[in-house]
Amino acid sequence: MSVALDTGLEFYRHVLELRGYRQQILSADIANASTPGFKAVDLDFQEALGAVAPGEASPERPRSSELAWLVDDVRDLSPAGSGSPAGLAASVKYQVGTPVTLDGNSVDLNQNKVAAAENAVQYEAAASFVSQTIRMLTIAINGSASQQSNGGS
Amino acid sequence: MSLATALAISGSGMAAEAERLSAVASNLANANSIVTSSGTAYRAREVVFRAVSEGGGIEGPSAIGMAGVRVAAVVESAEPLRTSYDPSSSFADDNGYVTMPNVNPVEEMVNMISAQQDYQANLEAFNVAKSLALRTLAI
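The listed protein sequences derive, respectively, from chains A and B.
With our numbering applied, the first sequence closes on residue 153, and no number is skipped along the way.
With our numbering applied, the second sequence closes on residue 139, and no number is skipped along the way.
The following block holds chain A by itself, in its conformation from the complex (with noise of 0.2 Å):
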């Protein structure tokens, strides 16, 4: 049986990457509540997941063989620099539904401090499961949870 070592936190780290990307968003709109003329934009994620995930939209579908970073050139390895994620341009949208002001301003500052608050949630969600992974796997190669906590103390 071969199973890659990191079972699971591929999907993880895309799923990281969308949320951070919506709250940056979301910290766009509240910070632009005032600006004359701008208009409220959202992430759509789970568009924007099935855009950097295609097939991977579980966790538990069997990975492909050859791993991420079999790369010729090392240079690929860097990350993608502060721009937005590639292929995200399509899923992020104007919002819509939202009272325009007379200034021709769409945002609606409560609804997009609960977005923030629950895209929060669902970051602390992911990353606590990328937790539980590594704790998994850690148990995995320990042969028991005891034994990593002792080797830890």
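Heads up, none of these hints are tricks.
With a straight-line Cα cutoff of 27 Å, these simulated DSS-like cross-link-like pairs (lysine-lysine) come out:
no. : chain 1 : residue 1 : chain 2 : residue 2
1   : A       : Lys39     : A       : Lys113
2   : B       : Lys130    : A       : Lys39
3   : B       : Lys130    : A       : Lys93
4   : A       : Lys93     : A       : Lys39
5   : A       : Lys113    : B       : Lys130
6   : A       : Lys93     : A       : Lys113
Simulated restraints, written as ranges between beta carbons of each label pair:
no. : chain 1 : residue 1 : chain 2 : residue 2 : range
7   : B       : Asn95     : A       : Val100    : 41 to 47 Å
8   : B       : Gly39     : A       : Asn110    : 43 to 49 Å
9   : A       : Ser131    : B       : Glu76     : 52 to 58 Å
10  : B       : Ala4      : A       : Gly97     : 26 to 32 Å
Computed footprint of chain B on chain A; a stretch qualifies when at least three of its residues, placed anywhere within it, have a C-beta under 8 Å from a C-beta of chain B:
no. : region
11  : 22 to 32
12  : 35 to 44
13  : 117 to 124
14  : 129 to 136
Simulated from the structure, these hints should not be mistaken for lab results.
Every residue gets a Cβ at the ideal spot worked out from N, C-alpha and C, and that includes glycine.
Keeping the supplied structure of chain A fixed, place chain B upon it in accordance with the hints.
Then chain B, alone, in the frame of chain A:
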């Protein structure tokens, strides 16, 4: 890294709202300044916000999603200056009227409350992004 960018965006929002608050403070402080360095009555200042994206130009929702906010300009209010009848003042014109600033205290107070709320919202967004970044370090 998107969380670091989120922190920067919230920071730009707080800076812009602080500038708006200082404009309000300036207007309220000068509500009765009938002479300024230019020799005329004080005119109310208003800040103009502008969304700025990292890439520079603004096209479509994806670019706006990256945007912070910046004070593009501080303009003087176009409201007509008030006049009050005070013949004894040394600044009165031939008819006995003194030109007063066009500051509307009610408008300024509303503006101040709005700026305060927006500042708080930015601060909350900043704290959420910060706690998420710390949570990521704890993995």
